[in-house]
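2 protein chains.
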Amino acid sequence: MNLNEYIELINKKLDEFMPENDFPQDIFKSMKYTVTLPGKRLRPIMCMESCRIFGGNIEDAIPTACAIEMLHAQTLIHDDLPCMDNDDFRRGKPTNHKVFGEANAVLAGDALISFAPQIILKHSKNLGTEKLVKIMEEYMQYAGAYGVIGGQVADIEAEKNWKNNIFGLQPEELLEFIHTHKTADLFRLPLRAGAIIAGASDKEIEKISELAQKLGVAFQISDDILDVISTFEEMGKTIGKDSNADKLTYVTLYGLDTSKCKLACLLDECCDIIKSFNIKSESLLEIISGIKKRVGINDSLTR
Amino acid sequence: MNLNEYIELINKKLDEFMPENDFPQDIFKSMKYTVTLPGKRLRPIMCMESCRIFGGNIEDAIPTACAIEMLHAQTLIHDDLPCMDNDDFRRGKPTNHKVFGEANAVLAGDALISFAPQIILKHSKNLGTEKLVKIMEEYMQYAGAYGVIGGQVADIEAEKNWKNNIFGLQPEELLEFIHTHKTADLFRLPLRAGAIIAGASDKEIEKISELAQKLGVAFQISDDILDVISTFEEMGKTIGKDSNADKLTYVTLYGLDTSKCKLACLLDECCDIIKSFNIKSESLLEIISGIKKRVGINDSLTR
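If you read the sequences in order, they're chains C and A. This note's numbering puts the first residue of the first sequence at 31, with every later residue one more than the last. This note's numbering puts the first residue of the second sequence at 31, with every later residue one more than the last.
Some clues are possibly wrong.
As the list makes no split between identical chains, a pair holds if one copy fits it or if it spans any two.
[What the hints assert, rightly or not] Below 27 Å or equal to it, Euclidean Cα-Cα: the simulated BS3-like pairs (lysine-lysine) are:
| id | residue 1 | residue 2 |
| --- | --- | --- |
| 1 | LYS190 | LYS310 |
| 2 | LYS62 | LYS190 |
| 3 | LYS322 | LYS292 |
| 4 | LYS244 | LYS62 |
| 5 | LYS152 | LYS237 |
| 6 | LYS152 | LYS70 |
| 7 | LYS277 | LYS59 |
| 8 | LYS190 | LYS128 |
| 9 | LYS322 | LYS152 |
| 10 | LYS152 | LYS164 |
In case anyone wonders, no lab produced these hints; they're calculated from the structure.
All chains should be modelled from the sequences, with the hints used to inform the complete structure.
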């Protein structure tokens, strides 16, 4: 499947998995609103492609893939809250709390954290209980304080204090921590889960984790770059907030040129890993080309 | 074990299970703060007692019991937020957002939702994957939009609108829905999970669910009564908010006397169920006596 076919399938499944008329409707409508906003669906695609790379059936990965997109939506809902980033727009539409109110947005996010694994448990019984337990372990690890939430906490703290070596970390180390957890962990989860569904070996799972780390950091650098060079129309959210706020980002720390070079380098390493698997993934390569194109990396910067 | 011995054991285990120096410390400290506030520990006691009633080893239920207390703490942290009930005190101490700020409180709650099952998965491997999957299913059901969050959404909505038959429900039906989900579901989860750990039959699990429903509604009625007749010192939180706000509660709907009668009646039914099990639970009976004493139900109201 190419990326567009994947996106179409994932959107259809997300629509099926998200009820809108269950009681009380307010919460289910609010959950569904953000989950089904148009998006690139990178994380579910990664989950299904990782499953395919290691010889699994992508059908088996659909519930987990969609669940991880729900978790991603949860992080967006809560990150946008007035007490966090206070954003009014996401993916070109009003943010969840703007539409449903702040209390509902908090609760919709809360509900998605447990709804997503419920979808996995309900629709993946054919995987057997051993794989299900492994997937639950991965989900809880990367969804929580050791994963994406730890990254978000450090990010919020860094916004105010990064020049003061908070947490005893140098700014470079702090930025690495934030990118690893806030972004790469939500790539690690689908790539590892897809591999587990396919029955990959521990060594294979480690290798796909390495890809997740590089791709996650690359993606975050590209986001930091786009925040400087892009427009609201292109991004669908308020732009320039990070640089305006003198926030800790790759660009504020290393400058635009070095950031682009680092990004190009990481993306090349990702390509090498992807090409090393027995089964090739055109879709993952396409994702990497897409990142290059968005930030305007031309071939002179890459091999 | 009597209630005090249970509380001591649970407090010790909660302290062990909750790290405070993991990175980033802010989030782990914030999570631990609310989880370890002194409390009655009703839900973990229920989990361990249910396990014992059905012939299980209470040691096996400790991680799940503690995890459910963590989930309970999560609901308290988010319910107290400015955008929800906006409470400054909980269990006699400043609420989580008062101590750690609103963003951290939202994230600490989020993190507890996935940290709690992580504790179960990590410390209950001896149960085997089949039981673990069942416990995960129960947890996700009652933690989410079909459980305690559904109850909270309806409760918030009811605060403003209950006289207008919101959701197409009569006030009596709406109140029943709120009590069932906001309170009874967090009794159902530990009682059912304890039974599952012990390997109870489906019929036994149904029976303990019935106890959960009655005890949950009874507990909520007692809370509604106490909100009218109690003081801040006794409750450790702001008192009289519900009746002042003309909120939908058992007392505003049926009056104080009818509420007390209904409560006495439910508690008697709970005692009957508890006494019908082969293994008796003095602890659960003690919890019921405690509720009676708190609201001043004397023997003339009960059999």
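Hint-by-hint comparison with the structure:
| no. | hint | in the structure |
| --- | --- | --- |
| 1 | LYS190 with LYS310 | neither (43 Å within a copy, 57 Å between copies) |
| 2 | LYS62 with LYS190 | between (33 Å within a copy, 24 Å between copies) |
| 3 | LYS322 with LYS292 | within (12 Å within a copy, 67 Å between copies) |
| 4 | LYS244 with LYS62 | neither (31 Å within a copy, 33 Å between copies) |
| 5 | LYS152 with LYS237 | between (29 Å within a copy, 24 Å between copies) |
| 6 | LYS152 with LYS70 | within (25 Å within a copy, 34 Å between copies) |
| 7 | LYS277 with LYS59 | between (34 Å within a copy, 25 Å between copies) |
| 8 | LYS190 with LYS128 | both (25 Å within a copy, 19 Å between copies) |
| 9 | LYS322 with LYS152 | neither (38 Å within a copy, 40 Å between copies) |
| 10 | LYS152 with LYS164 | both (15 Å within a copy, 11 Å between copies) |
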